[in-house]
Amino acid sequence: MPINYYIILAVALFSIGVAGVLTRRNAIIIFMCIELMLNAVNLLLVAFSKMHYATVATGLPEATTGVEAQLFVFFIMVVAAAEVSVGLAIIVMMYRNIHSVDVNFLNRLKH
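Numbering-wise, the sequence shown is residues 117 to 227 according to my numbering.
Simulated from the structure, these hints should not be mistaken for laboratory data. Every residue gets a Cβ at the ideal spot worked out from N, C-alpha and C, and that includes glycine. A few of these clues could be false.
Unchecked claim - Keeping only pairs whose Cα atoms sit at most 20 Å apart, straight-line, the calculated SDA-like set for lysine to any residue is: (1) 166 x 155; (2) 166 x 187; (3) 166 x 199.
What the hints assert, rightly or not - Now the in silico label distances, taken between C-beta atoms and shown as ranges: (4) 188 x 216: 31 to 41 Å; (5) 188 x 215: 17 to 27 Å; (6) 125 x 191: 48 to 58 Å; (7) 120 x 218: 20 to 30 Å; (8) 144 x 195: 32 to 42 Å.
Working from the sequences, and respecting the hints, build out all of it.
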C-alpha cells in the first residue's frame, strides 16, 4: 500500500483530535482526543519505518532497520498510558470535588 494512504489517514486522525481538543469541554473527551493525536503520530512512525525498511532491504538482505521506530512507538504508548492514568486520577478527583468533568469549572477553582 502506498505511503500516501497512511499519511492521509494520520492527518485526518490528527485533525479530528485537534478539533476535539479545541472544541470540547468534557475532560474525558479531551483526553480521548489527545490519545487520538498520539496514535496518528504512531501510525506515521510505523509507516515511515516500514517504507525506510523496504528501501534499505532491497539493497542489503541482512539489514535490521525499521525496529527503532517501532521501539519508539512502544515508548510513546507507555508514556501515553501513564499520562492517561494520571489524567483520569485528576478527573476523578475533580468529579469528587465539584461533581462535574467540565473543564470550565477549573477556572472557578483559582479563586
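C-beta pair residue 120, residue 218: status relative to the range 20 to 30 Å that was hinted: Violated, since residue 120 and residue 218 (Cβ atoms, about 40 Å apart) do not stay within the stated range.
Given pair status - residue 155, residue 166, alpha carbons within 20 Å: The given pair, whose Cα atoms are some 16 Å apart, holds under the 20 Å limit.
Please work out if residue 166 and residue 199 have their alpha carbons no farther apart than 20 Å. Violated, because 27 Å separates the two Cα atoms, which is more than 20 Å.
Consistency of beta-carbon spacing, residue 195 to residue 144, with hint 32 to 42 Å: Violated - the Cβ-Cβ distance for residue 144 and residue 195, about 19 Å, lies outside 32 to 42 Å.
Note whether the CB distance of residue 188 and residue 215 lies within 17 to 27 Å or breaks it. violated (40 Å)
Under the criterion that the straight-line Cα-Cα distance not exceed 20 Å, is the pair residue 166, residue 187 satisfied? holds (13 Å)
Between residue 188 and residue 216, does the C-beta distance stay in 31 to 41 Å? Because 37 Å falls inside the window, the suggested range holds.
At the C-beta level, are residue 125 and residue 191 separated by a distance inside 48 to 58 Å? Check failed, 22 Å falls outside 48 to 58 Å.
Against the hints set out earlier in the document, violations occur for numbers 3, 5, 6, 7, 8.
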